[in-house]
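Chain residues, written in single-letter form:
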Amino acid sequence: MARKPAKANRRHPLATVVLIAIGLAFTGGGYALFTSTATAQTDTASSTSQSSVDEGKKLFAANCQTCHGMALEGTPAGPSLLGVGAASVDFQVGTGRMPLATDGPQAMQKPPQFTEEQTQALADYVASLSPGPAIPTADQLTANGNATNGGELFRINCAMCHNVAGAGGALTEGKFAPDLTGVDSKYIYEAMLTGPQNMPVFNDHNITPEDKRDIITYLKYLQNNPSPGGFELGNLGPVAEGLFIWIFGIGAVVALTVWLTAKSN
Amino acid sequence: MSTIQRSDVPHEVVDPAFAETPKIANTPASRFTSAAANYIDERTSISAVVKEFGRKIFPDHWSFMLGEVALYSFIVILLTGTFLTFFFQASMAEVTYDGTYLPLKGIDMSAAMNSTLHISFDIRGGLLMRQVHHWAALLFVASIGLHMLRIFFTGAFRKPRELNWVIGFVLFILAMAEGFTGYSLPDDLLSGNGLRIIDGLVKGLPVIGTWTSYLLFGGEFPGTEIVGRLYTLHILLLPAILVAALGVHLLLLVINKHTQFAGPGKTNDNVVGVPIMPVFAAKAGGFFFIVFGVIVLMASFFTINPIWEYGPYDPSPISAGTQPDWYIGFADGALRLVPSNWGFMIGPWTFSLNIVAPVVVLGLFIVVVLIYPFVEGWVTGDKREHHIADRPRNAPTRTAIGAAGVTFYAVLWAAASSDLIATHFGLSIEGVIRSLQILLIVGPIIAYQAAKRVSLALQKKDREIALHGYESGRIVRLPGGEYIEVHEQLSDYERWRLLSFEDYKPLMLRPDAKGRISAGQRTRALLSNWFFEDRIAPVSATELEQSHGDHGAVEAGEGHAVESGH
Chain A
1 MARKPAKANR
11 RHPLATVVLI
21 AIGLAFTGGG
31 YALFTSTATA
41 QTDTASSTSQ
51 SSVDEGKKLF
61 AANCQTCHGM
71 ALEGTPAGPS
81 LLGVGAASVD
91 FQVGTGRMPL
101 ATDGPQAMQK
111 PPQFTEEQTQ
121 ALADYVASLS
131 PGPAIPTADQ
141 LTANGNATNG
151 GELFRINCAM
161 CHNVAGAGGA
171 LTEGKFAPDL
181 TGVDSKYIYE
191 AMLTGPQNMP
201 VFNDHNITPE
211 DKRDIITYLK
221 YLQNNPSPGG
231 FELGNLGPVA
241 EGLFIWIFGI
251 GAVVALTVWL
261 TAKSN
Chain B
266 MSTIQRSDVP
276 HEVVDPAFAE
286 TPKIANTPAS
296 RFTSAAANYI
306 DERTSISAVV
316 KEFGRKIFPD
326 HWSFMLGEVA
336 LYSFIVILLT
346 GTFLTFFFQA
356 SMAEVTYDGT
366 YLPLKGIDMS
376 AAMNSTLHIS
386 FDIRGGLLMR
396 QVHHWAALLF
406 VASIGLHMLR
416 IFFTGAFRKP
426 RELNWVIGFV
436 LFILAMAEGF
446 TGYSLPDDLL
456 SGNGLRIIDG
466 LVKGLPVIGT
476 WTSYLLFGGE
486 FPGTEIVGRL
496 YTLHILLLPA
506 ILVAALGVHL
516 LLLVINKHTQ
526 FAGPGKTNDN
536 VVGVPIMPVF
546 AAKAGGFFFI
556 VFGVIVLMAS
566 FFTINPIWEY
576 GPYDPSPISA
586 GTQPDWYIGF
596 ADGALRLVPS
606 NWGFMIGPWT
616 FSLNIVAPVV
626 VLGLFIVVVL
636 IYPFVEGWVT
646 GDKREHHIAD
656 RPRNAPTRTA
666 IGAAGVTFYA
676 VLWAAASSDL
686 IATHFGLSIE
696 GVIRSLQILL
706 IVGPIIAYQA
716 AKRVSLALQK
726 KDREIALHGY
736 ESGRIVRLPG
746 GEYIEVHEQL
756 SDYERWRLLS
766 FEDYKPLMLR
776 PDAKGRISAG
786 QRTRALLSNW
796 FFEDRIAPVS
806 ATELEQSHGD
816 HGAVEAGEGH
826 AVESGH
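Chains as they are written, first to last, in our numbering: chain A, 1 to 265; chain B, 266 to 831.
In short, the hints are calculated from the structure, not lab data.
Keep in mind the model is a prediction, meaning the values are calculated, not measured.
Possibly wrong hints are sitting among the right ones.
As the list claims (entries may be wrong) - Pairs of lysine to aspartate or glutamate residues, derived as EDC-like cross-links and limited to a Cα-Cα distance of at most 16 Å, are as follows:
no., chain 1, residue 1, chain 2, residue 2
1, B, K424, B, E695
2, B, K726, B, E695
3, B, K725, B, D799
4, A, K263, B, D799
5, A, K175, B, E695
6, A, K110, A, E173
Said to hold, decoys possible - Taking CB as the label site, the calculated pair distances span:
no., chain 1, residue 1, chain 2, residue 2, range
7, A, Q223, B, V626, 41 to 47 Å
8, A, Q109, B, G642, 47 to 53 Å
9, A, T102, B, G551, 32 to 38 Å
As the list claims (entries may be wrong) - Take a look, some chain B residues computed to stay more than 12 Å from chain A by CB distance:
no., residue
10, D306
11, M330
12, I572
13, P577
14, A585
15, I706
16, E810
Each residue gets a CB set at the ideal place from its N, CA and C atoms; glycine is no exception.
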């Protein structure tokens, strides 16, 4: 601080501002590049297809802005979409959860209303207005990671809502964690990244992209390797087993006792 | 039949269909058999036992075989359990899994979990044995439950069988204890969470809770002791008590003789059915293999307790849909239904009513079921022996109490799956819990009233049929122009079933020797009144005579021609 007046004479008045800006851009950009390919992805996606952004803007104006606002700022009917990123749009619109059909405890999955191109356009448009997590690339989704690590992470972070086998579970007030069987890897990844509905966000610091891939690997392992014990009864645990024994086990045994004690007429 | 003298113990009558004794051929083989039998008998005097036991009569009714189902599933459990002990290690020592199941490779777990995975994936037939063991356990407790309901609703717990009811009930509790200890052995995530709930339950008991928990777990939960301790209980102590109690249960069954439903030739003083040797033994032996077969079929096609999905126990994670096996469900349900904010503090001590209340309610429920035969005996003042099983409708109040009890249990049981009810029917879990809370109180009352009304209505219908026969649907015009519907009379055989039940009346309030009426007597009279104030008296001989007189009149007239017309 003591040397500042002496140096100030040699510099342009805006030099400090520019320097700080360059420094910020450098560290921020480097940081973003280093920690998450996602942000970099946003940049390329938004810069490559201006036409897609324009298309998305029209779709957004026609289908989304009533609730989410003209400038994504949100209204009492819907949250702000600033910073949610392309991944969030792709998840919500791609799985049919958005646009909402009805108000309810949570948005329900349904057949998507938009084609893949239209979904991409919406995602591009939302991402073009403010940066956010990007749609994962194909190599982040390959289910060839470490299933052991994925299984352990899944049990610690996901099973309390989604059940150990990903069969889903109840939350409060009619909300629920959906069944993960058969869900596209891309949507699993995006859900972890953006935390849709009541799900917490598992960002790349919390669960790294490699860990996310491992979790997807584990879920796909469960899906592709049927239980060695036979039919899984929905993977719902002891309730399904209890129902089964009372309906089919006891049912069969009682039918047999009736048969054994039946007298020929 | 009325001429047969009453005796304390009913005599046994072989169903005529099975009465012939097989002729013995004098072949070398039969000579060897008789010589061998003689050899054994001269040294053990076993012939008396065989004579007594082998000639024991079993009446034929499907519901009398439910207890057998329990017995046979228990044998299946013993057989498969023995196999499992060969490979299971009841130790919580930490090892690293290196077996066949890929997604657990390299994970640290207890030796118990490791050996259970080893049984499941690397021992030939191990997974099948585990699944047979577990499915058989579920069937075991379920069939005991059903067997108890049969005993309850037919009044087969009345004198002289009250003690056998108590022993049977102890067997039921032991079966649940066996189930719970077994469920906890693999040390997977599900069983660990189950133990954690029990630990919380124990710790919630005032004053003694914390110390009891430390005692059970050998220190802070989960510790490194519990699996070994539960294993000892599961394979040594509990089965030993269970087998002993089962022996007494069966012995009393032989001594008391079997109950039977009323029917022609079946009285309170005899038992009509097939003898153990040879008919029943053959049937029962076959039935054992059928039950075994059903269990093995289930076990080969349906996964049960996939511990490889749950992973090793770790106190931090828990799975959605974590439930106990069905028979502990009612206790889990009670914990879910109790308002979670019940409790208070006195000074530094917390009294968690949200734990204590369910424990007390369930304890009371269990005690009421346990002592019910004595309560009913006292209320009705009935000291007679009963060997004829009641049809549930003929004891409306008992049937209503049973229905209320079943509803109470069922609501608690359903509450244990509140989360799955919510997700699968698109409801909110709070709504499900609240509805079940209301249903827990209101449900038994509705069930009580409905069952009682239905029983009385059925009794009325029986009475109508016994007196006037079935409405045949044939309308006949008499010569005088009158239309009547022809009622078809029952045969005496059919009518017997409808007539033979006992008539009870509320107890009279009588002063004792000192001329006083005690409070106990008043309560008893009150309860007796509640038990029997609504009743349909069985058709008396006079009424029957009279009704036949009526019909006789019609039949003697033109009706007679009609009767002969079909």
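Quick rundown of the hints versus the structure:
For the hint linking K424 (chain B) to E695 (chain B), the alpha-carbon distance of about 46 Å lies beyond 16 Å, and the restraint is violated. Pair hint K726 (chain B) plus E695 (chain B) does not hold up; C-alpha atoms about 44 Å apart against a cutoff of 16 Å. For the suggested pair K725 (chain B) and D799 (chain B), the alpha carbons sit about 12 Å apart, so the restraint of at most 16 Å is met. Only pairs whose Cα atoms come within 16 Å are accepted, and K263 (chain A) paired with D799 (chain B) is rejected, the gap being roughly 36 Å.
With a C-alpha separation of about 11 Å, the suggested pairing of K175 (chain A) with E695 (chain B) holds against the 16 Å cut-off. Only pairs whose Cα atoms come within 16 Å are accepted, and K110 (chain A) paired with E173 (chain A) is rejected, the gap being roughly 21 Å. Between Q223 (chain A) and V626 (chain B), the C-beta spacing of about 43 Å keeps the proposed range 41 to 47 Å intact. A C-beta distance of roughly 60 Å is found between Q109 (chain A) and G642 (chain B), which places it outside the suggested range of 47 to 53 Å.
Distance hint check: the CB atoms of T102 (chain A) and G551 (chain B) are about 58 Å apart, inconsistent with the given range 32 to 38 Å. For D306 (chain B), the shortest C-beta to C-beta distance to chain A comes to about 32 Å, beyond the 12 Å cut-off, and the non-interface label holds. At roughly 4 Å from the closest C-beta of chain A, the C-beta of M330 (chain B) falls inside 12 Å, breaking its exclusion from the interface. Listed as outside the interface, I572 (chain B) is inconsistent with that label: its C-beta sits roughly 10 Å from the nearest C-beta of chain A, within the 12 Å cut-off.
With a least beta-carbon separation of about 9 Å from chain A, P577 (chain B) fails to lie farther than 12 Å from that chain, contradicting its non-interface assignment. With 12 Å as the threshold on Cβ separation, the claim that A585 (chain B) sits away from chain A is violated: the shortest Cβ distance comes to roughly 2 Å. The claim that I706 (chain B) is not at the interface with chain A holds, since no C-beta of that chain comes within 12 Å of its own (minimum 24 Å). Taking the minimum C-beta to C-beta distance to chain A, about 32 Å, the non-interface status of E810 (chain B) holds against the 12 Å cut.
This entry does not satisfy hints 1, 2, 4, 6, 8, 9, 11, 12, 13 and 14, going by the numbered hints stated previously.
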